[in-house]
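Make the complex out of the two chains shown on their own, each in a separate frame, by following the hints.
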Amino acid sequence: MIPAHVAAQGAGVPLSWDLAQDIRQLFEFHFMVNAFRAGTVVAIAAGLLGWFMVLRSQSFAGHTLAVAGFPGAAGATLIGVNPAWGFFGFCGAGAAAIAAVPRARSGTQGGGFSEESAAIGTVQALALACGFLFITLYRGFLNGVNALLFGTFLGITDGQVWVLVGVAALIVVALALGGRLLLFASVDPDVAAARGVPVTALGVAFLLLLGFAAAGASQITGSLLVFALLVVPAATAQRMCARPAWSIGLSVGIALVVTWLGLSAAYYSSYPIGFFVTTFAFAAFAATHLATAVARGRRSRQAP
Amino acid sequence: MTNPLTGIAHMLGHPFIRYAFFAGSGVAVAAGLTGYFLVLRAQVFTADALSHVAVAGAMAALAFGFDARLGLFVATTGVALGMGLIGQRGKPDDVTIGSVFAWILGLGVLFLTIYTRSRSTSNSTAGITVLFGSVFGLSSSQALLAAVVSAGVVGALLLVARPLLFATVDEAVARARGVPVTALGLGFLALAAVTAAEATQVVGALLLLGLVAAPAGAARRLTTRPYRAMWLSALLGLAAMWAGLGLSYEVPALPPSFAVVAVAAGIYLVAAAAPAVRRSARRRRSRATAAPATGSLELDSQAAARTVM
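Line order of the protein sequences matches chains A and B. Be aware that the first sequence starts at 1, since it is given in the working numbering, and climbs by one per residue. Be aware that the second sequence starts at 1001, since it is given in the working numbering, and climbs by one per residue.
These are calculated hints, taken from the structure and not from any lab test. Hints may be right or wrong, so weigh each one.
Stated by the list, open to error - DEER-style ranges, computed between Cβ atoms:
1. Leu290/A with Ala1172/B: 28 to 36 Å
2. Asp1093/B with Val294/A: 17 to 25 Å
3. Pro198/A with His1010/B: 56 to 64 Å
4. Met240/A with Arg1278/B: 47 to 55 Å
Unchecked claim - Derived list of chain B stretches under chain A, where covered just means 3 residues or more per stretch with a C-beta under 8 Å from a C-beta of chain A:
5. 1042 to 1056
6. 1105 to 1115
7. 1127 to 1138
8. 1202 to 1209
9. 1213 to 1223
10. 1250 to 1256
11. 1263 to 1274
For every residue, glycine included, the Cβ atom is placed at its ideal position computed from N, Cα and C.
So that you can see chain B by itself, here it is in the shape it has in the complex (with noise of 0.2 Å):
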């Protein structure tokens, strides 16, 4: 590994990590999208109560004897017009959703219990797989479902983006002036959970979150114009998935959700700090200037005290 382009070459001729990548980046793209406006909309809660909710579908669709996949779709899709649909009439406050989400949750463990019974051997690693994810065991045709069902959620979500905006930022005037705006919160939730489902498959349900609210939270903190901090969301996510694919081929002890996340979660940290550092070193940067001046005009002095401020 001494020329890291030969080693990064080296890496994608492995066909796994090519489907992996592949699926991997139009997660992260539709997830930074999606986590943009769950976050605007103070909707994370709502992204949590999901991944539980997928946990659920995935193993009540294995105990039946249905492909996980199913279940995930159906779940997510339901439960999040479900929880639109109440929405309406009063907004289901945080209590009501994680009553209801700690309830499925419940359910989804006698699913799993159903399942491991049926096989006969005690086989764990169905459920392991969907509360953690495995991006490195995706087939061809299952890469290429979910960059084109990604593609799709960001393909909506950009047509309905503007509106959108409108709709989250100041919703009485959007209404007045005519923008559909409970049609939009019920479509934009039926995208985030299509997005739950998806990346539950690569980073499992359990650490979707760190793909939603992570980037879309670094991209709040780093501007404050809405469409740079949507795109950055958008990148911030997918420069996460690739570091940490790559980072979990090089060491093969980590897991790649794990690094996914974690490089996430650093990227937050970092994006949380730097405004402070900043601040701390523009009032260095000031301070410096201001000392030699400090005897010689009182006017001087004033003028740098406004620059601190």
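Chain A on its own, in the form it takes in the complex (with noise of 0.2 Å):
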């Protein structure tokens, strides 16, 4: 299924400067169009549930949710089982340990965080710890180490597709029913509670989203650079916007031109996916930076 000359180079497809003819070579293999289709899917529901993350500053939960992606993938080839029960049974429980934590409440003094962000660290490193485990029992696999940390494009078949469709579907469902109040209990979760909103079992569902969102990314950019994909997108979306529904659109929106972007240069360069998709998506990032600094330069000269 994958052409010789792409798998023997890890692709590197030479670009011609026809760009019709660029992008009909790019969707020539049903591989690359399996990857785009895969790519948008992910796109959507990371950018979705990375916008929560960034706005309930659950950042840190949402790395080690991530990164719990690499031993259920190393441990589903080690006992040989189909990687994508590995990937969402790993990080559901990794959601459960880190949902099992009290959450440290904004207003208390210090000892809540700090007791937050320890155990959270410390279920982040068992994670890996755990993947690095499986794959060293499982001699013949360690090449695929740098696949599994750092993302591939290559290789995914039609039931992958399906199975992240799935996941995406329940995602979009779950945030349709539920996101209104989950953003009241993210903003002001005290008042919240008051009006007899659900505030813990929703955040408890919401990590368990945020896993299976995870899970999803960390097939296409590897266990390590989810991060690209829920949190820059989402954190440049916040800074250009503040209104939600125009916020999450954009955020949406950024996490699918850059997954295109990353999966195309990957495509034709013979560099991994995981480096371009962050780069597109930091640069993003720092050009927000950058406008807002400057116009609010602007206003704050023009005030006086």
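Written out as structure tokens, the structure is:
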């Protein structure tokens, strides 16, 4: 299925000057079409949940859930089941473990937050250590580790795409039903709790969904670079626009553009996709920060 | 292995085990002490970022033909000081830290690709070593350097422990009393960066969070007194390191960095569960003493209820 010249040098197809022909060539192979399908689905899910993650300042938890995909995939390969089971199983378990730690309250001084972060850090280190154990036990696998950690777009099957579509549909439906309540509970937990919103239950459900989104995204960008799709588009969007609906839309849009550009660049060059996705995402982030800083400086000069 | 003492003596007969214990002990104590302050200052996420920067730094050094250690120290210290300097104007939030280190790690991937390409053989073990450490592969000079650097970190940290604690617990008051809060914060970040670079060689960049977060979190669960918790954190880190290394020697299937992190996580779990167990035991005991008194005197059961609370 993967053409020999692509497999041999890990992509790296010559680029011509004819844009239309380049795009046609991009979709010439079935594996590349699948990569775009999977990337699109993953970017939508990551852009949506990443937005809420940034709003709730749970980046550290999100990062931990993302790396939990690595032991999942390694363990599944070790016992010989479909990696998807490992991805979603471990990310779900990681979400449950983090949910068991009492959530720090922003009002309390120091203690609560540091306690939570120490627990999350321990979960993360343990997850990565388990992944390392699994790949050591499964000897022949060592060459695939880099793909697992840093992402690959080669060899995504139709089955994987359908699994990703199912998970993304679950996330979209869940957010459509509970998004408003989650927004309320994230922005002002005390008032939300007083109005009868189940704040704790929503937090746990959110972590589980975040785990699923991270598991899906780590199949494209690799476990270590999921963050590029989860946090950076959301952070950029929140910087650009304060209204929730517009901002969420922007977050998804940036995630999509970054994924598509990253896939195309990785296809035409010989460097890994993880590098391109993170670089494009960070470029958007840095540009937005620069633009808002310049705008603020101009406004403050005009004001007096 | 009937007599455990001869077993340990036999284990320490191997030079590579001695080097591992030597370097590992230093790194564990340094990480335990640094970790306590990182947890107290709510900077565990910063340590997470530093571990990813360490990967990129080592890969960059390898790609351009330098010693990996040079890249480790330069990258972690540089980024730590950069974060500290930004933090003076407005504390960099988690999102900014996360975005920056995601990109730096992306650069690390690029360097890893350049490195593996340039070596023509598809040799990816260098990447694995940086990510997951190779404590049993340390040479005597590497072990000595690791121990000396760790001793330096521990010494510097003990020197500033008191003002740093003051600045951490109540920054405003410390500043008013003339404590150089900003300089302390920067210096501490630099120490954390050196610890991260050193720990990368022992347990690997991805697992150093286990040595930093787990013992410190456990120590904070077990005691609220700062100095006792600080030493307890170093001690628990050391215990995890020794137990992990020994376990990995006994069971060769377990890689040493996994064993160390697994023991550290186990210690944290026990420490987190201990207060709850103690509380329920106390409740059971007070119920047992309260049981015969229920019929006789109301005052007694009230006193028992008070002890339960």
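Evaluated hints:
no. : hint                                : in the structure
1   : Leu290/A with Ala1172/B: 28 to 36 Å : holds (32 Å)
2   : Asp1093/B with Val294/A: 17 to 25 Å : holds (20 Å)
3   : Pro198/A with His1010/B: 56 to 64 Å : holds (58 Å)
4   : Met240/A with Arg1278/B: 47 to 55 Å : holds (51 Å)
5   : 1042 to 1056                        : holds (count 6)
6   : 1105 to 1115                        : holds (count 7)
7   : 1127 to 1138                        : holds (count 4)
8   : 1202 to 1209                        : holds (count 5)
9   : 1213 to 1223                        : holds (count 6)
10  : 1250 to 1256                        : holds (count 3)
11  : 1263 to 1274                        : holds (count 4)
Comparing the model with each earlier hint shows no violations; every hint is respected.
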